[in-house]
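Engineer: Given next are the chains, with one letter for each unit.
There are 4 protein chains.
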Amino acid sequence: MPRSNPTEARRGPPDHIERLRVRFSDTDGMGIAHHSNYFRWLEEARLGFLRGAGFAYAEVERSGLHMPLIECACRYLAGTRSEDQLEICLWVAHVSRAGIGFEYEVRLEGSGDPIAVANTVHAFTRDDGRPTRIEPDSAIWRWLSGIRARL
Amino acid sequence: MPRSNPTEARRGPPDHIERLRVRFSDTDGMGIAHHSNYFRWLEEARLGFLRGAGFAYAEVERSGLHMPLIECACRYLAGTRSEDQLEICLWVAHVSRAGIGFEYEVRLEGSGDPIAVANTVHAFTRDDGRPTRIEPDSAIWRWLSGIRARL
Amino acid sequence: MPRSNPTEARRGPPDHIERLRVRFSDTDGMGIAHHSNYFRWLEEARLGFLRGAGFAYAEVERSGLHMPLIECACRYLAGTRSEDQLEICLWVAHVSRAGIGFEYEVRLEGSGDPIAVANTVHAFTRDDGRPTRIEPDSAIWRWLSGIRARL
Amino acid sequence: MPRSNPTEARRGPPDHIERLRVRFSDTDGMGIAHHSNYFRWLEEARLGFLRGAGFAYAEVERSGLHMPLIECACRYLAGTRSEDQLEICLWVAHVSRAGIGFEYEVRLEGSGDPIAVANTVHAFTRDDGRPTRIEPDSAIWRWLSGIRARL
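Chains as they are written, first to last, in numbering that gives the first Met the number 0: chain A, 0 to 150; chain B, 0 to 150; chain C, 0 to 150; chain D, 0 to 150.
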């Protein structure tokens, strides 16, 4: 049976699904969540993706590795309201020792249809903000290179 | 055995506990959650309290009843960081047909000690923003008056 | 003398410059403004652009015309800190009776170099959220069609 | 002629007035600015107060002195909407070498009536978060002790 979700047809199931509830304070004067807040939800999905693999972002940062966002984009297909329960679906789109990119779909829980599709690109940097390359024998690279092998 | 938490000793167990995770975007340049965001978490606890009793706030508003916040205060005892799992404990402090007040403790999950204590006061208003009194024979007043009888 | 700014060389001077200060609460745990907040600043530039032409957005909405954002993207070239004074430079990229697109550069005041470049796309909708086309004889269309003639 | 504003009658003119515009993203699903954002505006008034006296907060922090907020409260008298131009009036309420307290009135520009009254209390701390006392011969204490002499 064909899968109806085009992203899953192309990419397979998400690498991570973060479940969160729209906060009342996420909404704006139009009564729906402000577009800027979607990027805050995507960030929670990234943190959950790392945490689920044993790499709490605070510890990653303490080890001297940072993943600042350098590009992002989002397309909005429908609005979401206060208390809506969301699924933020995350896929690794590309990864190298210098950086990582993600694709996302924001879905209402229990619905396969995305209400937003998005992507972000991140550089790897050191404490001083300079670009760096992940150590090839580090635990985080062993995990990420395993993901890359599947892309 | 005496309870160690002074609020629970005085008030009994919370009327509602809302569990939520500190978002990275809740933090500020000091590396801890910005003090303004605690008020956003308290709001989620109020919505969860209403929802748990069958009164989703969006439906309450559609019925013509609003509960705008008219006063709030918070005392901060310790900072919280990105990804911390929190319990927002809520107690009804007072309620009448004209308004309602809440007390709160923000706790790190699994710890009895509050990291913040807070209170808010809300008026009941109509769609036009004018003060109103809840209908005495409404479902929401039957619920709230039951809580008031226990205070 | 050649202009050094590539966007201005291509597009001419901005259609609007919105000046604003980075709020401390715009920063995150990295000590720089959170990437999501740039989209909030772009929105202020759009409101300032409309207001400067005599079309306060609240009045536009009361007239039954809305401009929801349906796509956005941003590329970040450098961080900004609390209290930085910014110039949000806005250009109309395309406009029709069905929608409008903008390009932006975020600059530190007094510096020609962008710290971020961005774009947004907006549909025109009615009060019920349905797509609409601006009335051709309306004041706002007379203004926008004049801009379109220059693109 | 008697002054009509009760805070000014009691305290004299504000120690600082910060002018800012309500951002669309400051509003919530009720169409007015979310109550939590008032605390963000108060913070901008504190930063403007320090900056106006030559003490940019980033530099104060680099010198090893921090002023975390430990208590805050606000009473809301009227709502404010997107694009409203506000005056955040700030008074020093008390100050010692260990901490400082402020009172505030939020006013619509050109109106003497407050739409919110608030207060905040701040401790002085070192880089490690421990309480400290401001050096008595520091420039910032010479300025603050001058203010204290007038209270």
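These aren't lab readings, by the way, just hints derived from the structure by calculation. Quick caveat: nothing in here was measured; it's all calculated off a predicted structure. Treat each hint with caution, since some may be false.
Claimed, not checked - One-sided excerpt, in silico: chain D residues whose CB lies under 7 Å from chain B:
(1) L68
(2) I69
(3) D83
(4) Q84
(5) F123
Said to hold, decoys possible - Cβ-Cβ distance ranges computed for the label pairs, FRET-style:
(6) R96/D with R132/B: 30 to 40 Å
(7) E108/D with P5/C: 36 to 46 Å
(8) R80/C with R132/D: 42 to 52 Å
(9) G78/A with R80/D: 14 to 24 Å
(10) G51/B with E7/C: 49 to 59 Å
(11) S144/D with R74/C: 28 to 38 Å
(12) R18/C with A148/A: 44 to 54 Å
(13) G145/B with G78/A: 32 to 42 Å
(14) P67/C with E7/A: 46 to 56 Å
(15) E134/D with R141/A: 31 to 41 Å
Positions of the beta carbon are idealized from the N, C-alpha and C atoms, including for glycine.
Engineer: Hint says 44 to 54 Å; check whether the CB-CB distance for R18/C and A148/A agrees.
Structural biologist: 49 Å Cβ-Cβ, so the 44 to 54 Å window holds.
Engineer: Just tell me: holds or violated, for the beta carbon distance of E108/D and P5/C against 36 to 46 Å?
Structural biologist: At roughly 38 Å between Cβ atoms, P5/C and E108/D fall inside 36 to 46 Å, so the hint holds.
Engineer: A range of 14 to 24 Å was offered for this pair. Does it hold for the Cβ distance of G78/A and R80/D?
Structural biologist: holds (20 Å)
Engineer: Any CB of chain B closer than 7 Å to the CB of F123/D?
Structural biologist: violated (14 Å)
Engineer: Between R80/C and R132/D, is the Cβ distance one that fits in 42 to 52 Å?
Structural biologist: violated (28 Å)
Engineer: Taking the Cβ atom of P67/C and the Cβ atom of E7/A, is their distance within the range 46 to 56 Å?
Structural biologist: The hinted range 46 to 56 Å is violated for P67/C and E7/A, with Cβ atoms some 27 Å apart.
Engineer: Mind checking the hinted window 49 to 59 Å against the Cβ distance between G51/B and E7/C?
Structural biologist: With a Cβ separation near 56 Å, G51/B and E7/C satisfy 49 to 59 Å, so the hint holds.
Engineer: CB of E134/D to CB of R141/A, is that within 31 to 41 Å?
Structural biologist: For R141/A against E134/D, whose Cβ atoms are near 50 Å apart, the range 31 to 41 Å is violated.
Engineer: Against chain B, run the beta carbon of L68/D and see if the smallest gap drops under 7 Å.
Structural biologist: Cβ of L68/D sits 5 Å from chain B, so the hint holds.
Engineer: Are D83/D and chain B close enough, Cβ to Cβ, to be under 7 Å, as the hint says?
Structural biologist: violated (16 Å)
Engineer: CB of S144/D to CB of R74/C, is that within 28 to 38 Å?
Structural biologist: Distance hint for S144/D, R74/C is violated at roughly 48 Å.
Engineer: Let's test the interface hint: is any C-beta of chain B closer than 7 Å to that of Q84/D?
Structural biologist: With a closest approach of 21 Å, the Q84/D hint is violated.
In summary, the numbered hints that this structure violates are 3, 4, 5, 6, 8, 11, 14 and 15.
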